[in-house]
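Chemist: Here is what each chain is made of, one letter per residue.
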Amino acid sequence: MHQMQTVAVLYLDEDDRKLWEATLDGVPGLLSITVDRNLTVSLDRLRRVQSTLRLVILSARLYPEEHPGLAERVREACPGIELLLISSENSSPPLKPLFTDDIRHLAINSEKGQPNREHLPSVVSMLVDRRPWEIGSCLKQGTKVHSYQLDSSEDKESLIGALEAVLTGEGEELDMLRQKGALLADELLENAMYNAPRGSYGDRLFKKGEKREMLPHERIVFSFGFDGETLALKLTDNWGSLEPDVVLEYLARNQEDGSSADDAGGRGLFIIWRFLDQFHVNVQPGQQTAVGGHLQLCSRLDPESPRGFHITKHKKEIAA
Amino acid sequence: MNRLSLASNEVPAQHDYFAFEGTIDAQSEGLLKELPSKVRHPLVRFDFTRAGRINSMGIALLLRCFKDIGGKAEIRLEGLTPMHTMLFKMTGIFLLASPVQGSDRKEGAA
Chain A
1 MHQMQTVAVL
11 YLDEDDRKLW
21 EATLDGVPGL
31 LSITVDRNLT
41 VSLDRLRRVQ
51 STLRLVILSA
61 RLYPEEHPGL
71 AERVREACPG
81 IELLLISSEN
91 SSPPLKPLFT
101 DDIRHLAINS
111 EKGQPNREHL
121 PSVVSMLVDR
131 RPWEIGSCLK
141 QGTKVHSYQL
151 DSSEDKESLI
161 GALEAVLTGE
171 GEELDMLRQK
181 GALLADELLE
191 NAMYNAPRGS
201 YGDRLFKKGE
211 KREMLPHERI
221 VFSFGFDGET
231 LALKLTDNWG
241 SLEPDVVLEY
251 LARNQEDGSS
261 ADDAGGRGLF
271 IIWRFLDQFH
281 VNVQPGQQTA
291 VGGHLQLCSR
301 LDPESPRGFH
311 ITKHKKEIAA
Chain B
1 MNRLSLASNE
11 VPAQHDYFAF
21 EGTIDAQSEG
31 LLKELPSKVR
41 HPLVRFDFTR
51 AGRINSMGIA
61 LLLRCFKDIG
71 GKAEIRLEGL
81 TPMHTMLFKM
91 TGIFLLASPV
101 QGSDRKEGAA
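In order, the protein sequences belong to chains A and B.
When we follow our numbering, the leftmost residue of the first sequence carries the number 1, and every step to the right adds one.
When we follow our numbering, the leftmost residue of the second sequence carries the number 1, and every step to the right adds one.
One should not assume that every hint holds.
[Unchecked claim] If you want the ones that stay clear, here's a sample from chain B, every Cβ over 10 Å from chain A, calculated: (1) Ser5; (2) Asn9; (3) Leu31; (4) Glu34; (5) His41; (6) Leu43; (7) Thr49; (8) Thr81; (9) Val100.
[What the hints assert, rightly or not] On the chain B side, residues computed to face chain A include the following (Cβ under 7 Å): (10) Ala26; (11) Arg53; (12) Met57; (13) His84.
The set of hints was computed from the structure by calculation and includes no laboratory data.
Fair warning: this is a prediction, and the values are worked out from it, not measured in the lab.
Don't be surprised by glycine CBs; every beta carbon is placed ideally from N, CA and C.
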């Protein structure tokens with residue numbers, strides 16, 4: 001039976017395709033296209049299946065350096081299509097072109113044979129189904145997810161303490177994971193308490209460092225879980241004030257500058273991105289922002305290397 | 001929570017020495033703002049051995065502080081944990097101040 005092609009992937013050449021073959025194994029309805037210096041023919045192939053396509057994956061060997069205009073041409077061939085860039089760890093792309101071309105999904109695959117760096121088929125499935133990331137998706141089945149709703153800024157340290165308490169044990173790796181987890185929790189909570197609340201003109205309602213109580217209708221929930229290998233964290237606020245474009249701009253600006261500007265915006269989000277193995281942002285404008293991701297206990301990732309991200313905008317589904 | 005505090009050299013020395021203790025975040029603004037005015041020598045050493053978590057606001061304040069000092073003194077950072085080092089590398093702190101390895105450290109005054 002002919003399977004409907006919902007995902008297309010564009011490779012530079014046959015070597016490039018072979019590199020990703022095993023990683024993308026298991027993606028249903030996958031159409032592989034090897035460009036081999038003939039982009040026009042490749043785009044024609046895309047155009048022929050565009051009515052069923054939900055996602056186009058671009059290899060970083062093709063874009064942005066080899067074909068800087070590729071994202072635009074793919075969007076011409078398949079209007080409204082979601083794009084995912086895949087890259088190996090040692091050749092991760094500059095972020096500025098991604099920001100310019102509004103590419104909000106980057107998956108980086110380790111070449112060191114690192115297990116579950118990012119399980120690409122499940123990410124593809126999430127994007128094809130237009131599902132937001134869920135904290136349990138990267139944890140072993142049955143792992144307890146702890147959730148706390150904030151009442152006041154004074155809760156921050158006790159929540160960080162609760163997170164540290166689930167990362168029990170000794171050893172350098174666990175100690176490092178505790179420190180990373182504490183910093184991530186700090187940044188996520190600060191972001192939700194001081195950056196998310198905005199007035200009607202987009203102005204910040206609270207200044208960092210000031211003590212504050214949550215507003216009557218404000219809901220900030222911090223969730224985390226640890227399955228012995230993976231720590232997953234998620235912070236949800238009901239402001240929905242974070243703009244996906246702004247997230248990408250912050251990451252690109254802090255990444256490109258190696259920024260020593262003391263007023264560089266979005267440094268907190270940049271730190272969250274770089275300390276997580278995988279970074280997820282989901283915004284339902286005016287309703288909810290969820291920021292989170294996961295990191296491994298035995299992460300062999302180079303701390304200097306960029307991480308993958310998925311920045312999505314969803315309209316909240318109306319409960320039946 | 002362990003708020004930031006600061007110890008400094010109180011005996012005559014050829015350099016200034018400051019030791020951080022506790023978390024460096026938005027609450028540290030006052031301490032870090034007035035710190036550049038306390039630098040008297042062409043070399044200043046900051047000891048992070050007892051510093052705790054440093055968040056993005058703490059990084060912003062350190063950057064501002066080191067920039068203010070930068071014109072009048074060389075800045076050396078000591079006692080950094082691997083976590084501090086990672087954070088400082090990715091946020092540009094090392095563009096303004098140099099890390100000192102354990103064996104190169106001088107005895108802190110006071």
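Chemist: Each hint: holds or not?
Modeler: Results of checking the hints against the structure:
Consistency note on Ser5 (chain B): stated as away from chain A, and its beta-carbon is indeed over 10 Å from all of that chain's, at 16 Å minimum. No beta-carbon of chain A comes within 10 Å of the beta-carbon of Asn9 (chain B); the shortest separation is about 26 Å. With a least beta-carbon separation of about 12 Å from chain A, Leu31 (chain B) lies farther than 10 Å from that chain, consistent with its non-interface assignment. Non-interface status of Glu34 (chain B) relative to chain A is upheld: no Cβ of that chain comes within 10 Å, the nearest being about 16 Å off.
For His41 (chain B), the shortest C-beta to C-beta distance to chain A comes to about 23 Å, beyond the 10 Å cut-off, and the non-interface label holds. No Cβ of chain A approaches the Cβ of Leu43 (chain B) within 10 Å, the least distance being about 20 Å, so the stated non-interface status holds. Its beta-carbon lying about 15 Å from the closest one in chain A, Thr49 (chain B) satisfies the requirement of being farther than 10 Å from that chain. Not every beta carbon of chain A lies more than 10 Å from that of Thr81 (chain B), the smallest distance being close to 8 Å; the non-interface claim is violated.
Taking the minimum C-beta to C-beta distance to chain A, about 19 Å, the non-interface status of Val100 (chain B) holds against the 10 Å cut. Restraint check, Ala26 (chain B) versus chain A: the minimum CB separation of about 3 Å is within 7 Å; hint holds. Annotation: Arg53 (chain B) was flagged as interfacial toward chain A, and the flag holds, the nearest CB pair being 6 Å apart, inside 7 Å. Because the closest C-beta pair between Met57 (chain B) and chain A is about 5 Å apart, less than 7 Å, the hint holds.
Annotation: His84 (chain B) was flagged as interfacial toward chain A, and the flag is violated, the nearest CB pair being 9 Å apart, outside 7 Å.
In this structure, the hints that do not hold are numbers 8, 13, in rising order.
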